[in-house]
Every structure is written in C-alpha cells, then in structure tokens.
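Residues per chain, in single letters:
2 protein chains.
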Amino acid sequence: MSEKKIPYKIYLEESEMPKQWYNVRADMKNKPEPLLNPGTLKPMSFEELQGVFCDELVRQELNDTDAYIDIPEEIRNFYKMYRPAPLVRAYCLEKKLGTPAKIYYKFEGNNTSGSHKLNSAIAQAYYAKEQGLKGVTTETGAGQWGTALSMACSYFDLDCRVYMVKVSYEQKPFRREVMRTYGAKVTPSPSDTTNVGRKILEEFPGTGGSLGCAISEAVEAATGMEGYRYVLGSVLSQVLLHQSIIGEETKAAFKKYDIKPDIIIGCAGGGSNLGGLISPFVGEKLRGEADYRIIAVEPASCPSLTRGKYVYDFCDTGKVCPLAKMYTLGSGFMPAPNHAGGLRYHGMSSVVSRLYHDGLLEAVAVEQTSVFEAAEQFARVEGILPAPESSHAIKVAIDEALKCKETGEEKTIVFGLTGTGYFDMVAYEKFHNGEMSDYVPSDEDLAKGFAGIPSFPGNEVF
Amino acid sequence: MSEKKIPYKIYLEESEMPKQWYNVRADMKNKPEPLLNPGTLKPMSFEELQGVFCDELVRQELNDTDAYIDIPEEIRNFYKMYRPAPLVRAYCLEKKLGTPAKIYYKFEGNNTSGSHKLNSAIAQAYYAKEQGLKGVTTETGAGQWGTALSMACSYFDLDCRVYMVKVSYEQKPFRREVMRTYGAKVTPSPSDTTNVGRKILEEFPGTGGSLGCAISEAVEAATGMEGYRYVLGSVLSQVLLHQSIIGEETKAAFKKYDIKPDIIIGCAGGGSNLGGLISPFVGEKLRGEADYRIIAVEPASCPSLTRGKYVYDFCDTGKVCPLAKMYTLGSGFMPAPNHAGGLRYHGMSSVVSRLYHDGLLEAVAVEQTSVFEAAEQFARVEGILPAPESSHAIKVAIDEALKCKETGEEKTIVFGLTGTGYFDMVAYEKFHNGEMSDYVPSDEDLAKGFAGIPSFPGNEVF
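Sequences listed follow chains A and B, in order. Quick note on numbering: the first sequence equals residues 0 to 461 in numbering that gives the first Met the number 0. Quick note on numbering: the second sequence equals residues 0 to 461 in numbering that gives the first Met the number 0.
If you're looking for bench data, these hints aren't it; they were derived computationally from the structure. Note that beta-carbon positions come from the ideal geometry of N, C-alpha and C, so glycine has one too. Each statement offered as a hint is correct.
Pair by pair, the computed Cβ-Cβ distance ranges are:
1) G205/B - E225/A: 56 to 64 Å
2) S454/B - E372/A: 52 to 60 Å
3) H356/A - D257/B: 54 to 62 Å
4) K28/B - V425/A: 49 to 57 Å
5) Y438/A - E169/B: 25 to 33 Å
6) F45/A - A335/B: 58 to 66 Å
7) E72/B - E13/A: 24 to 32 Å
Negatives, chain A to chain B, calculated, CB over 10 Å:
8) N29
9) T39
10) T64
11) A66
12) D69
13) P99
14) T192
15) L200
16) K308
17) P334
18) A335
19) L359
20) L401
21) T411
Kindly produce the complete structure, drawing on both the sequences and the hints.
Written out as structure tokens, the structure is:
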C-alpha cells in the first residue's frame with residue numbers, strides 16, 4: 000500500500016477491536032519471579048492474596064501460562080465508549096523535524112481520566128462487582144489512577160475510596176474534584192480513619208504524606224471492611240495484562256496498513272503503559288516471528304532500570320505488601336520533590352524487569368528539562384498537550400527521528416502517548432519560567448535507597 | 000439498517016470529511032441585518048472592515064449568497080489532526096434514564112484546546128498567514144478561545160497576542176500556561192501596553208478587568224501594529240461559517256446510518272457552536288426538505304434569546320466595534336459573577352437571532368445548579384467530563400429524553416457536546432460543596448442593560 004494512503008489517524012472499527020488480552024508471561028521462557036510472603040519468603044498463595052485482591056484478579060496475577068484471556072463483554076462495552084484509541088501518524092512533527100523517519104503514536108488520552116489507566120481500572124472494578132463486593136480502596140499520588148478508578152466505579156455503581164497523598168490533595172484540588180464528580184470518597188492521607196494513619200499523624204503531626212503511607216491506609220481500609228478489596232494501578236502483572244489492549248490495538252492498526260514498526264518506545268514508571276504497549280510485540284520477539292527495537296524511557300531522577308538492582312524488594316514504602324523481584328532503587332528511595340508528574344515509583348513491574356534483564360528491551364534515562372522541551376515542541380505541531388510522563392517517550396522518539404535525519408534511514412517509530420497534561424500546568428509553568436531543575440541522584444543517594452532492600456540468602460545487594 | 004449495528008461512536012473516514020463549509024445565510028429568505036458603522040449608521044463596507052479583520056474573513060463576513068465555501072486544503076489537513084469528531088450514541092445515558100429515546104452527541108472536546116473553538120481559530124489563523132500578516136490579537140475570558148487561537152497560530156508560526164481579563168489571568172493560571180506552551184504572549188487586561196488600558200488603569204487602579212476592556216485593548220493593539228489584525232471567536236457570521244463543519248459532519252454521520260434526528264439541541268452564548276451545529280439542518284428546513292425541532296439552551300442568568308430585545312446594539316462593552324442587529328441584553332449587561340463558565344455574552348450572533356426571530360428554532364433558559372446536576376449525571380455514565388457551557392445542552396437533552404419516557408416516544412435526540420471541563424473544576428467544586436447560586440436577573444436588572452442600547456430611528460427599545 001502506498002504511503003500516501005495512510006491517514007493522520009488510524010481508527011479500528013469496533014468489530015476489529017481486540018476481544019482478548021494478551022498475557023506475555025505465557026510466551027516468556029524465563030518467567031517473572033513470583034511474589035513472596037515477606038514473613039516466610041515463600042511464594043504468595045491464592046489464599047493469601049485473595050484477602051487483599053478480588054479472586055479473579057488474583058487468578059490473573061498468578062496465571063503465567065494462558066497467552067490469551069477473554070475480555071468480558073461488559074468491559075468491552077465500556078472500552079467502546081473511549082476506544083479504539085487512535086494510532087496517529089505524526090506528519091506535522093516529521094515535517095518540523097525534517098526527518099525521513101515515520102513517526103506514530105498511540106494516543107491514550109482521549110478519555111476523561113486523561114490517561115491509559117482507565118483500561119485496567121474498568122477491568123478491576125468489573126471483577127469487584129462480579130464478586131458481589133461493595134467497593135474498593137486505592138491510593139493515588141498525582142491523581143491519574145484515582146481519577147480512572149473513580150470513573151470505573153461510578154459506571155458499575157461501586158463504592159470507591161481513594162487515599163490521596165495529602166500534599167497532592169491540597170495542591171491538586173482539581174484532580175480531587177474530578178474524582179468527587181465521579182462519586183469517589185477522597186481522603187487526604189495520612190488520615191485519622193485508619194490505625195496506620197493515626198499513628199503517623201501522631202508521630203509527624205504536620206506531614207504532607209507519601210504514597211507509601213497512602214498504600215498502607217488503603218490496604219488497611221480494604222481488609223478492615225466487609226465487602227471491600229484493594230486495587231492497584233500499575234506494577235502488578237494483572238495490570239499489564241489489561242493494558243495489553245494498547246499493544247493489541249496498535250498491532251492491529253499497523254497490520255491494517257501493512258506497516259512494521261522498527262522502534263517501539265514507551266515511558267516507564269511502574270511499567271503499566273510500557274508493558275501494555277510492548278507486550279504483543281515482545282511476544283513476537285519471544286516466538287521468533289519478528290524483531291523490534293524496544294526502548295523504555297525513565298526519568299534520570301528515578302532511574303530504576305538504568306541504575307537499579309534486580310533483586311527482591313518491598314513494593315511499598317510502608318512494607319505491608321509482598322516482596323517482588325524487580326529492578327529497584329529500594330522502597331525508601333524518594334525522587335527529588337521538584338520532579339514533575341508520575342514515574343516516581345522506586346521499582347518496576349516484574350514482567351518488564353525480567354524482559355529487560357533478558358535483553359528484550361533497552362532502557363534510557365532522560366532529564367526533566369529536555370522532556371518538557373520535547374513536550375512543547377510536540378504540542379506546538381501535533382496539537383495535543385502531553386502529560387509529563389508521556390513526554391519522556393516523545394523525547395526519545397524525537398531523538399531517534401533526528402538520528403534518522405543524519406543517516407537518511409526511513410525507520411518507522413511508534414511511541415505510547417499515555418495521556419494529557421491538563422492537570423500538570425504547574426510543571427509547565429515552572430518550565431516556562433526557567434525554574435525547572437534537573438536533579439540526578441548521586442551514587443551516594445542511590446546507596447541509601449539500596450540499603451533498605453531486604454537481605455536474605457540469594458538476595459544480597461552488596 | 001437495524002439499530003443494533005449503530006456503534007457507540009460514529010467516525011467518518013477522512014475521505015468522507017466535508018470539504019466545504021455551509022453558509023446558511025445563502026438559504027435564508029430573511030437575511031441577517033448588516034453590521035452598521037456606529038457613527039454613520041450605514042452598513043460597514045469591505046474597506047471599513049479590512050482595517051480590523053483579514054481581507055478574506057471580511058469577504059466571508061459579507062457573503063450571504065454563496066451556500067458552500069471551499070475549505071482550503073491546509074485547513075483540512077489541520078482538521079485531520081483532530082477531526083472528524085465522533086458522533087457518539089449515548090447508550091449508557093439512555094439506559095440510566097430508562098428512556099426509549101435515542102440520544103446522540105457530537106463531541107468537540109477531543110483536542111487540546113478542549114472545545115469547538117479550534118474549528119474557527121485555525122481558519123482565521125490560516126487567512127492571516129495567507130495575507131502575509133505577522134500576527135493577530137484577540138481577547139479571552141474563560142480561556143477556551145485564547146487557547147484555540149494559540150494552537151492555531153503556533154501551527155502557522157504566527158505571532159499571537161492574547162489580552163486576558165485580569166481576574167481570569169490570575170484565577171486561571173493553567174489556561175494561561177497552556178497558551179504560553181503554544182507560544183502566545185498573554186497580557187492581563189487592562190494593561191499599560193495600550194492607551195485604553197492605561198486610561199482604565201488610571202481611572203480604576205485595582206480593577207480586575209472585563210471582556211469589554213480586553214476587546215478594546217486587542218483591537219487597539221491590532222490596528223496600531225504593522226501586519227496585525229484582530230480576530231474574534233464567536234458572534235460573527237464568518238465564525239458560524241467555519242463552525243458549520245460540526246453540523247456537516249453530524250449530518251454525514253447520521254446519513255451513513257440512515258438516521259434522521261427529531262430534536263437538535265445546542266448551548267448558546269455568542270452562537271458559534273449552536274450556529275455551526277444547526278446550520279445544515281436549518282438549511283434543510285429553509286429549503287423545505289426536512290423538519291427538525293431545534294432548541295437553543297442559554298443560562299437563565301444571561302438570557303439574551305428568551306428575555307432580550309431584537310435590536311441593533313454594540314458588540315462590545317467598550318463600544319469600539321460596529322453595531323449588530325441581534326437579541327441583546329444591552330452591552331452594559333453583566334451576568335452575576337457567580338455564573339460559571341462561558342455563555343456570558345450580552346448578545347447573540349445575528350444569524351442565530353434572525354433564525355430565532357423567524358421561528359426556525361426555540362430557546363430555553365436553564366439554571367446553573369440543574370446544569371451541573373445534568374453534567375455530573377452525564378459524566379458518571381458516559382465518562383466524559385463536560386464543560387459547564389456544554390452541560391446546558393445536556394440538561395435539555397435529558398429533559399427531552401425523560402419526556403419520551405413518559406410518552407413512550409422513540410425520538411432521536413442529538414446535542415452538541417462542545418468541550419471538556421478540565422479547567423472548570425472550581426465550578427464543580429462549588430457545586431459539590433453546595434455553594435452554587437441560581438441567580439436570575441430581575442426585570443429591573445434587565446432594564447438597566449436595555450437602557451444602554453443605542454436609540455435611533457427604527458431602533459427604539461422602549
């Protein structure tokens with residue numbers, strides 16, 4: 000098919016939308032390591048996990064053998080409200096850069112939650128409803144996940160309780176109001192509604208909270224109420240499974256026009272978007288059917304893949320969750336407060352970590368100012384205002400396209416545009432005012448984080 | 000075609016996108032009255048208008064004979080970045096309401112500017128560029144129009160100077176930063192950069208500004224600089240022409256599935272969205288080809304159609320612009336400060352005014368709290384967070400659907416969902432906190448506004 004026929008936006012028909020999620024673990028020879036009970040250091044059993052998570056989600060979490068899992072019809076119907084997400088040809092960006100490269104992006108910001116998080120939120124809410132639960136609890140920092148979960152729970156008429164890091168609750172009142180619009184109960188964390196919250200408030204009366212504390216409160220709240228479970232927006236294998244809809248749609252859209260991408264780029268925080276985007280393509284690599292260059296982009300201020308250790312670590316700073324084998328900076332690691340947006344997690348999904356460890360993808364770390372420069376350059380020609388997280392991928396896509404300009408190669412590049420930046424204008428303002436810093440942790444800073452990683456036979460960091 | 004086959008979202012193919020704007024004035028037997036020079040009370044000539052507006056836009060403003068006007072290819076290419084906008088079947092809302100009515104909405108919020116304003120902004124920027132101009136000036140209040148124009152100017156590498164009402168500049172820093180991201184120079188109005196601004200600052204040192212003042216500054220700035228013109232985001236006939244892309248796409252999408260709407264609903268401020276949505280359908284009515292019930296929805300706090308006078312009036316509070324024949328509350332009328340969002344304009348597009356006067360459309364006024372109730376109801380099931388302006392149309396669409404529930408009629412209702420409410424969370428917060436008021440101007444309040452309408456033979460208000 001001649002290039003001229005490729006539209007600006009490739010939309011799948013509803014009938015072409017994927018009906019199954021793809022579970023990349025099934026095709027991995029080296030499976031991601033199992034979650035461990037921090038007390039016994041034994042793999043977490045179904046029974047241990049079902050007290051915290053919905054039964055079906057536990058099954059998905061533990062399932063590393065079925066390559067395809069049917070998407071229930073009710074979830075597919077919800078997906079139809081905002082999916083298929085367009086695969087956009089960045090004609091204007093290509094022209095602006097003067098590159099022979101062909102650049103595409105999969106845009107996941109076309110829904111009110113403003114990001115890809117909704118893909119998993121609706122699935123998790125559905126299974127909670129199916130199980131006859133009354134509601135779910137979660138934590139949120141920047142607010143993308145909390146917003147997505149609020150929407151999903153509203154759709155299924157499920158109670159939704161969000162513990163929002165107090166400093167974000169106060170500084171991001173708009174995020175809070177969106178969640179309230181969808182009927183969620185939003186509590187600034189630490190709060191006096193949980194034991195762990197009261198304890199922290201007693202110890203640190205003026206604290207602005209942390210994600211670790213909010214997770215602890217959300218887990219305590221869920222396990223302490225009849226008919227509630229805790230849900231999480233990234234890191235877990237079940238989340239990557241749900242997010243595979245991104246990659247499956249991308250693959251189908253490319254197939255429609257007989258296009259094969261050369262380079263696939265995604266931003267990486269906990270791994271939900273990256274894992275979802277790349278899964279089907281990694282599957283082809285694992286099965287020897289095709290080869291792609293895959294690049295994970297992380298912030299230089301929180302460089303879990305490029306500078307972390309591949310060991311078992313706590314998933315939360317409160318250390319209430321199981322241990323996961325992953326690239327980690329240590330659960331006590333905190334990125335500098337001036338770091339904008341998400342991608343602040345100390346670890347990385349076990350699936351992405353394993354794939355990276357086995358050489359199936361590359362990783363690069365980029366600094367904040369260059370990310371916002373790329374974001375603004377992109378916005379001015381493509382018209383979409385990208386989230387800071389997504390802009391990490393934009394930065395590297397532009398870099399790769401400029402390399403093609405030097406070499407004259409007509410590579411096809413695709414990146415994940417995970418969401419919009421409407422609620423991140425404070426960061427854009429800092430960028431415009433030249434007040435953005437490019438802090439990169441020193442080796443000494445990292446050593447402090449590594450020191451908090453649990454040490455046991457086979458899991459020595461130093 | 001059976002109903003089951005209608006997808007959640009009807010997308011046109013790029014090849015099906017309209018290539019012409021539709022100029023409803025050509026089909027109107029009673030044409031809208033011409034703009035008058037306030038000094039001579041004679042119709043404004045091409046020469047008089049071209050000092051303020053781009054030549055081609057003046058031609059479009061004066062053209063009430065050509066029914067179709069080609070959309071230049073460059074504008075069509077830009078449109079392809081965010082259009083066709085989906086026509087969405089509100090299956091979830093229908094289910095929630097339990098109505099036999101079929102509800103559709105044309106969603107114009109799928110671009111960073113967040114509203115339909117971009118449809119005209121890109122056209123106006125294009126013609127400015129074609130004329131070899133250096134830049135354009137404009138005013139903005141809430142910020143939707145300023146944002147759209149900034150994006151459009153960035154695309155054509157045109158200087159963009161936005162005079163933003165000072166109180167909005169300070170209270171809506173995020174809107175300001177979006178415009179800066181697109182390279183616009185945003186000045187709080189009144190400012191010391193213009194004579195009129197300096198004069199007002201001297202007289203009222205602490206003023207928060209007004210739209211009327213910002214218009215005056217923008218016009219002075221444009222006419223005082225070589226290579227600049229002034230542009231406007233609503234009210235003018237040229238703007239309705241560009242916005243006809245909304246109605247043309249809606250018509251084409253319905254046609255694809257052989258659907259004929261019974262009721263067409265749009266929110267009405269200056270008339271840009273309403274006029275654009277209904278134009279092609281009104282054209283059919285005018286030509287006797289079809290009949291539709293058309294409803295304009297305005298806020299009860301600023302009821303130009305339902306309680307205004309159909310006379311010549313100033314288009315701006317600063318009284319620097321020509322006189323227009325329209326439904327007006329008087330250029331001195333100011334809606335209560337607690338009124339949320341846009342739709343605050345004292346008058347109404349001449350085209351919409353004429354059509355309303357001739358009985359081609361109905362108008363209803365709705366109160367603020369009921370609008371936000373409808374907005375929240377819609378958001379919770381349809382997933383999109385609507386702008387307060389758009390929610391006026393949602394309110395009446397729901398009302399009409401509930402009437403169908405009573406009568407059992409399976410009417411097809413379509414409304415314009417003009418944009419998203421991401422930057423309106425302060426209003427949502429007031430609504431959640433029960434702090435929203437439903438002020439409706441008394442007859443005395445209106446009389447004060449009417450007193451400012453110019454009186455001359457044939458234009459007596461009292």
